[in-house]
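Chains as they are written, first to last, in our numbering: chain A, 24 to 124; chain B, 2 to 150.
In case anyone wonders, no lab produced these hints; they're calculated from the structure. Note that CB positions come from ideal geometry on N, CA and C, so glycine has one too. Check the hints yourself; a few may be wrong.
For each label pair, taking beta carbons as the anchor points, the in silico distance ranges come out as [said to hold, decoys possible]: (1) 113(B) <-> 108(A): 51 to 61 Å; (2) 138(B) <-> 57(A): 45 to 55 Å; (3) 94(A) <-> 49(B): 39 to 49 Å; (4) 81(A) <-> 65(B): 37 to 47 Å.
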Amino acid sequence: MSTSTNHVQKITVNIPTALRSFTDNARSVQLEGHTVGEVLKQLTGRFPALRQHLYDDGGSLRSFVSIYLGDEDIRHLNRENTVVSHADELSIVPSIAGGGA
Amino acid sequence: MKISAAALNVIRRHAAETSPEECCGLLIGRLEDGTSVLEAVPMANVFSENRNRRYRISPDALFRATRDAERRELDVVGFYHSHPDHPALPSETDLAEATFPNYVYLIQSVRSGEPTEITAWRLSDDRSRFVGEIISEDRQQSKLNQVEK
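Using the sequences provided together with the hints, build the complete structure.
In structure tokens form, the structure reads like this:
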């Protein structure tokens with residue numbers, strides 16, 4: 024499959040249960056883009072209410088938000104500049120933490 | 002929210018066994034007409050220090066568990082953790098680390114190693130606070146679990 028910049032890339036983004044109320048209950052959404060950042064921008068463009076849960080006030084991905092390309096956390100790749108190919112799957116996975124103090 | 006007796010027992014036992022450190026885990030079930038928790042799945046607390054007062058679930062472990070749940074047509078619908086010798090109320094850390102609305106966060110208090118009260122919370126849509134939820138034991142699901150066992 025060609026991955027030239029002119030090719031229309033269809034990327035699937037898997038939406039976690041807790042965010043589906045912001046995506047009209049869609050479990051996954053098909054979007055276009057050549058990098059993870061572009062795809063996520065499309066996602067929050069289509070579903071603006073998602074933005075505050077994925078990004079902080081400075082426009083950076085919230086620290087607890089992990090994005091997986093296939094089975095790989097994009098922190099181990101090229102973060103939001105990671106290049107995606109047609110039919111790739113992205114998953115949004117929160118990092119769960121807290122405690123009594 | 003509804004939760005099976007089996008899941009409540011797993012949380013109580015995990016909290017007692019882990020005390021004085023905090024325990025943590027996943028709530029597996031369905032999010033349709035409210036949250037229904039069928040299973041509680043203990044996870045490792047991977048916080049590097051002061052696990053008596055902090056917990057963390059690895060995103061890799063959560064990613065794999067989410068896939069496993071989806072293969073069974075279930076979802077990760079929330080998380081639990083314990084507050085050893087502290088009230089079952091969300092702390093400032095809990096709020097600062099809270100992720101997405103619609104997840105249920107269960108807090109199990111432990112006193113002198115014995116599980117006591119358990120409470121349920123959900124992050125408000127504007128992310129400013131936790132809102133308390135009533136926990137009801139799903140007796141029908143509990144009976145089904147007993148039959149299946």
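Against the structure, the hints:
| no. | hint | in the structure |
| --- | --- | --- |
| 1 | 113(B) <-> 108(A): 51 to 61 Å | holds (56 Å) |
| 2 | 138(B) <-> 57(A): 45 to 55 Å | holds (50 Å) |
| 3 | 94(A) <-> 49(B): 39 to 49 Å | violated (24 Å) |
| 4 | 81(A) <-> 65(B): 37 to 47 Å | violated (31 Å) |
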